[in-house]
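Protein sequence lines correspond, in order, to chains Y and F.
Residue numbers for the first sequence, in the working numbering: 1 to 506.
Residue numbers for the second sequence, in the working numbering: 507 to 877.
Because the hints were derived from the structure by calculation, they are not lab data.
Glycine residues also receive a C-beta, built at the ideal position from the N, C-alpha and C atoms.
Check the hints yourself; a few may be wrong.
FRET-style restraints, in silico, Cβ to Cβ [to be verified]:
no., chain 1, residue 1, chain 2, residue 2, range
1, Y, Gln371, F, Asp556, 40 to 46 angstroms
2, Y, Met78, F, Ile852, 42 to 48 angstroms
3, Y, Arg373, F, Ile648, 33 to 39 angstroms
4, F, Phe647, Y, Val100, 54 to 60 angstroms
5, F, Leu529, Y, Tyr116, 53 to 59 angstroms
6, Y, Gln143, F, Phe647, 38 to 44 angstroms
For lysine to any residue, the following SDA-like pairs were computed, each having C-alpha atoms within a straight-line distance of at most 25 angstroms [as the list claims (entries may be wrong)]:
no., chain 1, residue 1, chain 2, residue 2
7, F, Lys844, F, Phe647
8, Y, Lys427, F, Phe647
9, Y, Lys397, F, Phe647
In silico contact screen, one side only, chain Y against chain F (beta carbon under 10 angstroms); selected entries [stated by the list, open to error]:
no., residue
10, Ile195
11, Ser197
12, Arg327
13, Arg351
14, Gln352
15, Leu354
16, Asn363
17, Val367
18, Leu369
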Amino acid sequence: MLRADGAGEPTRRAALEVRALTKTFGGVTALDGVSLSVERGECHALVGENGAGKSTLGKVLAGIHRPDRGIVFIDGQMQAFNSPADAARAGVGMVHQEPVFCRDLSVAENLCLGRYPRRLGLFYSRRGARVRAEALLARIGAQLDVGQPMRRLATAQEQLVQIAAAIGTGARVLVFDEPTSSLSETESQRLFALIGSLRGRGVTSIYISHRLPEIFQLADRISVLRDGRLVGTVARAQASEAELVQMMIGRPLAEYFPQHLAAAPGRPLLEVENLSSPGRFSGVSLQVRAGEIVGLAGLVGAGRSEIARAIFGLDRRASGSLRVDGRALRLGSVRRALRSGVGLVPEDRQRQGLVLMMSGRANFSLVILDQLRRLLFLDQRRERRTAEDFFSRLNVKATSIEAPVASLSGGNQQKVVLAKWLACRLKVLIVDEPTRGVDVGAKAAIHALIDELARAGLGILLISSELPELLNLSTRILVLRAGRLAGELPRPAATQENLLRLMAGV
Amino acid sequence: MASNATWRSPYRLQEAGLVLVILLLAALLTFGGGSVTVGGREVNNFLRVDNVVPNVATTMSWIAIMAVGATVAIAGGGIDISVGSVFGLAALGTAAVLQRFDEQASGWLVVPAAAAVALGIGLLCGLLNGAIVVGLRMHPFIVTLGTLSIFRGIALISVRTKSLPSGDHSLPLAFTSRFVSWQLVVERAGATPLLIQPVPMLMMLAWVLAAWVFLSHMVAGRQVYAVGGNEEAARFSGIAINRVKLRMYALSGLSAGLAGLVSTGFYGSANTATGEGYELMVIAAAVVGGASLTGGRGTALGALLGALVIKLIDNGTYILKQVNLGFTTLPVSKEYSKIIIGVAIILAVAIDRFSEYVQSRRLAMGARQKQ
C-alpha cells in the first residue's frame with residue numbers, strides 16, 4: 001500500500017500508540033478496548049470521571065498494570081511490559097500522585113537508586129551520586145539540596161525528583177497522574193512550564209486529570225474516557241468545556257427518582273458548627289435534617305472524608321461543636337458518636353469497613369456486640385438470626401453468613417458494611433463513596449437503600465466522587481474546596497456543570 | 507447447621523491436620539523408640555503410660571497454659587515474648603510467700619495465697635506490657651523484649667539465694683504434694699504401681715476450656731479477633747482498641763502467672779533461671795497450633811495441640827536413640843530438640859501459607875466461574 005505521509009515525515013510518527021487495550025480487575029472492567037495514538041512531543045490529556053479508567057490507562061502505559069488484551073507501541077515498537085522497569089527501558093516514565101521513593105534516603109541516593117556511582121567498583125561514591133543527581137535535576141531546570149532526605153521534600157519538589165529520575169533514565173514519554181492534586185497554584189504553574197519545556201525537547205506527556213481549566217492551558221489534544229471506553233479525542237482548539245463535560249458524563253441523569261423527596265425534611269439531626277482540623281479543613285458548618293440526603297462534593301483532597309472522620313470521632317485534633325438530634329456530642333470518640341446515633345460507612349471498605357478474614361456474620365455484628373451481649377457472653381443464636389435477617393433483607397449474595405467476607409464480590413461486601421450499620425439504631429448515617437468499585441446491579445440496590453433510609457427518617461450525609469450519584473440522590477449538595485465549604489446547591493440548581501465549577505473554583 | 511462448617515472449615519481442617527501430625531509423631535516414636543524393660547516386662551519405650559503421662563502430658567501443662575495466653579495475644583495482632591520471665595517471677599513470688607507458711611499449714615490458707623500471688627504477679631506484668639504497648643504506641647515485640655529482660659532482672663535482684671525456698675524452709679505440703687504434685691497411685695497387676703500426678707493436666711485442660719469460652723463465646727473474644735484481623739476496621743466499628751489490647755496482654759500475663767503457680771507446686775521450688783527460654787516453646791506452640799502472627803487467627807484448642815507437638819518432639823529426642831532411614835541411620839540425642847522444634851515452626855507456617863494460597867486460588871476460581 002502506498003502511503004503519502006509515511007517516509008517524508010518521521011516526526012509525525014506516533015510516539016505512543018495503544019490498540020484495543022482491555023483491563024479488568026476482578027469483575028470490574030476498567031479499560032474496554034481503548035485505542036489511542038499520541039504524537040511525539042505532544043501533551044495529551046486523559047480526562048474522565050473517577051473510575052472512567054484514565055489512571056488505569058496511565059498505569060498500563062507505565063508498566064504497572066498488565067493489560068488483559070491489546071498492544072502498546074512506543075516509537076513504533078511493540079511492547080509487552082511486565083514491570084515499570086520494562087517500561088522505563090522502553091522510554092516511559094511515570095509521575096505518581098503518591099510518593100514512590102525511599103523516604104529516608106537522600107535525594108541523591110534516590111536519583112541514583114539501582115545505578116549507584118562506585119569507586120574502585122566496590123564503594124558507594126557519595127560525591128559521584130551528588131554530582132550525578134545535580135546534573136539530572138539541572139536537565140529539567142531544577143535546583144534542590146540533594147543531600148537532604150526525601151521525606152523533607154514537599155510534594156511539588158518530590159514530583160521534580162520523579163521527573164528528573166524519569167528523564168534521567170531516558171524517558172521519552174512521561175505519564176502524569178493527577179500531578180496537581182496536592183500542589184498550590186504557583187507550584188502548578190511551575191509544573192506546567194516544565195511540561196512545556198519538555199515538550200520543546202520532544203518529550204511526550206500523557207496528562208491525567210479531571211481539572212478542565214488546567215487541561216485547557218496545557219494539552220494539545222484531549223481524550224475523554226468513560227466507563228473504560230474512549231469516548232473521543234479532540235484538539236484543544238476545537239474543544240469547549242461544556243462539550244468535554246458532556247462527553248465525560250454522557251449518560252442520562254435521573255435514572256432513579258429518590259422517594260425521600262416526597263416528604264419535607266424534619267428536625268435537624270446533625271448540626272455541625274465551625275468544625276476545623278488543622279491542615280485538613282476549617283470552619284465547616286452544616287446541617288442534616290431528618291429525611292434528608294445531603295451530598296458532600298469536592299475534588300480529591302478537598303477534605304470530604306476528613307470531615308466525615310471528624311464527625312465520627314476519629315480525628316483527635318478536630319475542634320468545633322457538634323449536635324446530634326439537639327444534644328451536644330463531644331468530638332474525638334467513636335464510641336460516643338455511636339452512642340448518640342452516628343454511623344459511618346467508610347470510603348475504603350476493605351481497609352476500614354471489614355475484617356476480611358472474618359465471616360459475614362462476625363463482621364455484621366461488630367458494631368452491635370454490646371446489644372448482643374448477655375453478661376459477658378455473646379448471644380450467638382441471636383447474632384446468627386439477626387445477621388440472616390439483614391443479609392436477606394439486603395439481598396447479600398453469599399454462600400452463607402459464615403463465609404469469609406473476603407470471598408464476596410465488592411457489591412456484596414459493601415452490603416455487609418451497610419448491614420452492619422443498619423443493625424444499630426442510628427439517627428445520622430454518613431456514607432463515604434458507597435458505590436466505589438461496585439457493579440451496576442449492586443449500585444442501584446445501594447442507592448435504593450440509602451433513599452429508603454432517608455425516607456425512614458434518618459439524616460444522611462452522602463460523600464461521593466461520582467457526580468451523577470450525588471445529583472441523583474441528594475436533597476441538596478454542599479461543595480467543599482480546599483478544606484472549606486465553597487457553596488451549597490439545592491436540588492433544582494444542581495447540575496454537573498455547576499458542581500464542577502464550584503468544586504474546581506472557576 | 508451445615509452452613510456453619512463453611513467458615514470454620516479452614517480452622518477445623520487445621521486442627522484436624524495437627525491431630526494427624528501428632529498421630530504421625532506418635533507412630534514414629536512408637537516404632538522408632540524400641541522397647542525397654544520395666545519391672546521385668548518388655549514394653550514400648552514411648553507408648554507406655556509411665557512415659558506419656560509424666561514426661562509428655564504433665565510437663566506440657568505449663569507450656570500449654572502459657573501457649574493459650576500467647577495465642578490470645580497473637581490472635582489480637584500482638585505478641586508477648588516476656589512470658590518466660592513472667593513465669594519465673596510468678597514462680598519465685600509464689601515460693602517466696604509460701605515458704606513463710608508452716609509446712610503443715612492448712613490448704614484453705616495456702617492455696618488461695620499461692621493463687622493470689624502467682625496470678626497477681628502475672629496480671630500485673632501483663633497489664634504493664636499492655637499499658638506500655640497502648641500508652642506509648644510501641645510495637646509489642648520491642649516492649650515485651652524489654653520487659654523480658656526487666657522481669658528477669660527483678661527476679662535476679664530480689665532472690666539473692668538464687669533458689670527458693672531458701673535455707674531450711676520448704677513449701678507447705680498442702681500446696682505441693684497434697685495439691686499440685688499430688689500423686690494418684692494405680693496398682694497394676696504384676697508391675698510396679700503407676701504414679702500419676704493429675705492436677706497440672708487438669709489445670710491445663712481447665713485453662714484451655716476457659717480460653718475457648720473467652721475466644722469463641724465472649725464479646726471480648728470476638729473483639730480480640732476483630733482487632734487482630736483489621737485494627738482500622740475495628741476502630742471504625744467503635745471497638746475500644748486500647749481496652750482490647752490491654753486485656754489481651756493481661757490475659758497473656760495471667761496465663762504465665764498460672765503456669766508459674768503450677769510449676770512451683772509441681773517441683774516444690776523455683777529458681778532465678780526458671781522459665782528461661784520458655785518464650786521459644788510457648789510461641790512455637792501457639793504458631794504450630796495455628797495462631798497467625800499477622801493477627802486474627804488462633805484457637806485455644808490449637809494452642810493445646812501445638813504444645814503437644816512441641817512436647818512430643820522434645821520427648822522424642824529422649825526416646826529415639828537413632829532414626830533408621832533405611833539406607834542409613836541418624837543418631838539422635840536430646841540436643842537435637844531445638845533444631846527440630848525450629849524446623850517444626852517454619853514447617854507449620856509454610857504449610858499454613860500454602861493451604862491459604864490454595865484456598866485463595868479456589869476462591870478466585872469460584873468467583874470467576876460465577877461471572
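- Looking back at the numbered hints, which does the structure fail to meet, lowest number first? 1, 4, 8, 9, 10, 11, 12
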